[in-house]
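Undergrad: One-letter residues, chain by chain:
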Amino acid sequence: MALITDNEYKMKKNKVTYGVIVAALSVGIIVQIFPFIWLISSSLKGVTDIFELPPRLIPKTFHFENYAQVFELLPLGRYFYNTMFIAALTIVLQIGVSTLAAYSLSKLKPLYGRAVLLFFLATMMIPEGATIIPRYLMMIDFPVTGGSLINSPWSLILPGAAWAWPIFLMKGFFDGLPNELFEAMKVDGASRLRTLFSLLVPLSKPIFAICILQTFLGVYNQFIIPLVMMPDSKQWTLMVAIYNMQASGNFGWHLIMVLLVISTIPLLVAFLFAQKYLVQGISMTGLKG
Amino acid sequence: MNGKRMQLFRNHAVAWLYLLPAVFVFALFNYYLMLQGFFVSFFRFSIMKPPGDFVGFDNFVRMFSDPQLWRAFVNTLEFVGISFLFGFWGPIALAILINEVRHFKAFFRTAYFIPAIAPGVAILVLWKYIWQPDYGLANHIISFFNIPPQLWLNDVALVKWVMLFPGLIIVGGFNFLIYLAAVQSISTELYEAASIDGAGIWSKLRHIQLPGIAPVVGMMVILQFIGGMQIFDQPLIMTGGGPAGASETVIMYAFNTAYTGNDFGYAMAIVVTLFVVLMLFSYIQLRLQRTE
Chain A
0 MALITDNEYK MKKNKVTYGV IVAALSVGII VQIFPFIWLI SSSLKGVTDI FELPPRLIPK
60 TFHFENYAQV FELLPLGRYF YNTMFIAALT IVLQIGVSTL AAYSLSKLKP LYGRAVLLFF
120 LATMMIPEGA TIIPRYLMMI DFPVTGGSLI NSPWSLILPG AAWAWPIFLM KGFFDGLPNE
180 LFEAMKVDGA SRLRTLFSLL VPLSKPIFAI CILQTFLGVY NQFIIPLVMM PDSKQWTLMV
240 AIYNMQASGN FGWHLIMVLL VISTIPLLVA FLFAQKYLVQ GISMTGLKG
Chain B
0 MNGKRMQLFR NHAVAWLYLL PAVFVFALFN YYLMLQGFFV SFFRFSIMKP PGDFVGFDNF
60 VRMFSDPQLW RAFVNTLEFV GISFLFGFWG PIALAILINE VRHFKAFFRT AYFIPAIAPG
120 VAILVLWKYI WQPDYGLANH IISFFNIPPQ LWLNDVALVK WVMLFPGLII VGGFNFLIYL
180 AAVQSISTEL YEAASIDGAG IWSKLRHIQL PGIAPVVGMM VILQFIGGMQ IFDQPLIMTG
240 GGPAGASETV IMYAFNTAYT GNDFGYAMAI VVTLFVVLML FSYIQLRLQR TE
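Chains A and B, in that order, are what the protein sequence lines are. Counting from 0, one number per residue, gives the positions in the first sequence under numbering that gives the first Met the number 0. Counting from 0, one number per residue, gives the positions in the second sequence under numbering that gives the first Met the number 0.
Mixed in with the good hints there might be a few duds.
As the list claims (entries may be wrong) - Mimicking EDC-like on lysine to aspartate or glutamate, the simulated pairs with C-alpha atoms at most 20 Å apart in a straight line are: (1) Lys-14(A) x Glu-99(B); (2) Lys-9(A) x Glu-191(B); (3) Lys-9(A) x Glu-99(B); (4) Lys-11(A) x Glu-99(B); (5) Lys-9(A) x Glu-188(B); (6) Lys-203(B) x Asp-5(A); (7) Lys-11(A) x Glu-191(B); (8) Lys-9(A) x Asp-196(B); (9) Lys-104(B) x Glu-182(A); (10) Lys-12(A) x Glu-191(B); (11) Lys-3(B) x Glu-182(A).
Unchecked claim - From the structure, some residues in chain B lie toward chain A, with a derived Cβ separation under 10 Å: (12) Asn-29; (13) Met-62; (14) Ser-64.
Treat the hints as calculated values from the structure; they're not laboratory data. Every residue gets a Cβ at the ideal spot worked out from N, C-alpha and C, and that includes glycine.
So here's chain A without its partners, still in its complex pose (with noise of 0.2 Å):
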């Protein structure tokens, strides 16, 4: 019930509207998928097929070898590795320090603990492609050990720990669980470290689903990051792949729409396991409010 109410929806003329609401949002969805729809239609089309006046939808004969073709001419396994290796590394490491980050300062409570959340928080701020050129001075000469992280998925993967949006979500859900909890573990003479993976751990599993989820969707998303850093060929992710493929001018746009769908599956994948988690945790950020 919202706009229009329980009972106004008894009403002939409520229903039309309501009616109208419904049918919008239908064509809406047909409105949406299209592209989609075009999209693989497009990877199954021969290489003249693609340039055929006018466009059909459904192709005159399906090439589906068009997708062999393309785990032919590329290390498609190569790209999903590299990209893959890239996220594993980068959740591990950023769930790993947030999760710290946030027990300590929704448990523990240590001084001068709200500056540090301040100071986290801050780094919100700072526009992304501001970070671009700064990040790429960085990794050629690291600082302090020196050397050059230039085509190591390091340059990715070690940055990727400080976002500082995984603690403020986690905080946020920790200071959600009951203290009695914790207050018992404590009378129960358990450490801190014993509290945090036999209790607190188990009890977040809705908040790691998601801040995972989002990290996996962030690190699959990047493109300009890897593509400066990484430039190797060897080394490239999927999304880096899919640019310098389409920017050759040499690689038919069939084989391109080819690799744009298989780039799409993995998310689909991540997204299906994850979809339960997803609403639970918009509303539990309290962001509504």
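Following the hints, put chain B in place on chain A, whose structure we already have.
TA: What follows is chain B alone, placed relative to chain A:
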């Protein structure tokens, strides 16, 4: 007494131990990073022998007499304007409409969210193909309305609109979910009460829903502005800054200055200035919101 203070100190010390990894990475990859960037902007930076020659504020002064930078700045403002026109209201309207749905709400929510999952790069490349003047879908579709074929991305006047158009189509996404949560949190009694008072749908919309989500909208405005000022992916993938610099944004100009022009010092000056401008804007926006 001493024992208790020791205990307190130990507690805080251990708590800080847990904080240290995060503090360390943030200090290094955020604060030190920006400081280093700021430092570089005062030099004619040389990659070979860093940091190169000290030039003081020269890089900053140079920004004022750089016509290409001003052009990029105007472009960027246009992009921001268009992005507010296209991309901002969609998710809000969608959230409000879906909130009305009584059956299959989850279905609609999912159906609108899934298209937003596709990787950004993939969407941009797909639309680059659609906007192709010779064989793309766009010209084919407008031919049904007897409109002559357009150059789209190659058209100086159209390019910015064309580039941001996909944002109009995809209204679902994280923003939409946030708005939906905001709308759903409005107490239903308010609608009942208004209804009894004789309020119609539009009235309820204006007086209950919009004020109800105003705080969230306010926050999103700031985020959208900051994001819009840094648009870079779209032009890089779709046009490379063309045609004739019509889609070159400030960040893209800085990027090219650094990597193609090898002038990191000047590029950083641009970036630092943008950063300061955005900070100022956010601060002003937040103050304005607080006084409302």
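Undergrad: Next, verify each hint and record whether it holds.
TA: Right, here's what the structure says about each hint:
Pair hint Lys-14(A) plus Glu-99(B) holds up; C-alpha atoms about 12 Å apart against a cutoff of 20 Å. A threshold of 20 Å between alpha carbons decides the hint, and for Lys-9(A) with Glu-191(B) the separation of about 14 Å falls inside it, so the pair holds. A C-alpha spacing of about 14 Å is found between Lys-9(A) and Glu-99(B), which places the hinted pair at or below 20 Å, so the restraint holds. Taking the CA atoms of Lys-11(A) and Glu-99(B), the gap is about 16 Å. The hint holds against a cut of 20 Å.
Of the supplied pair hints, the one linking Lys-9(A) and Glu-188(B) holds, its CA atoms being roughly 18 Å apart against a limit of 20 Å. Between Lys-203(B) and Asp-5(A) the CA atoms are separated by roughly 14 Å; this keeps the pair inside 20 Å, and the hint holds. A threshold of 20 Å between alpha carbons decides the hint, and for Lys-11(A) with Glu-191(B) the separation of about 18 Å falls inside it, so the pair holds. Note on Lys-9(A) and Asp-196(B): the hinted pairing holds, with a Cα-Cα distance of about 17 Å set against a maximum of 20 Å.
Restraint check for Lys-104(B) and Glu-182(A): the C-alpha separation of about 41 Å exceeds 20 Å, so the hint is violated. Among the hinted pairs, Lys-12(A) with Glu-191(B) is consistent with the structure: their alpha-carbon atoms are about 18 Å apart, no more than 20 Å. Distance restraint check for Lys-3(B) and Glu-182(A): the Cα-Cα separation of roughly 19 Å lies within the 20 Å cut-off, and the hinted pair is therefore satisfied. Nearest Cβ of chain A to the Cβ of Asn-29(B): about 4 Å, under the 10 Å cut. The hint holds.
Given hint, Met-62(B) at the interface with chain A, is violated; its Cβ is 15 Å from that chain's nearest Cβ, farther than 10 Å. For the restraint placing Ser-64(B) at the interface with chain A, the shortest Cβ-Cβ distance is roughly 22 Å, beyond the 10 Å limit, so the hint is violated.
In summary, the structure is inconsistent with hints 9, 13, 14 from the numbered list given earlier, while agreeing with the others.
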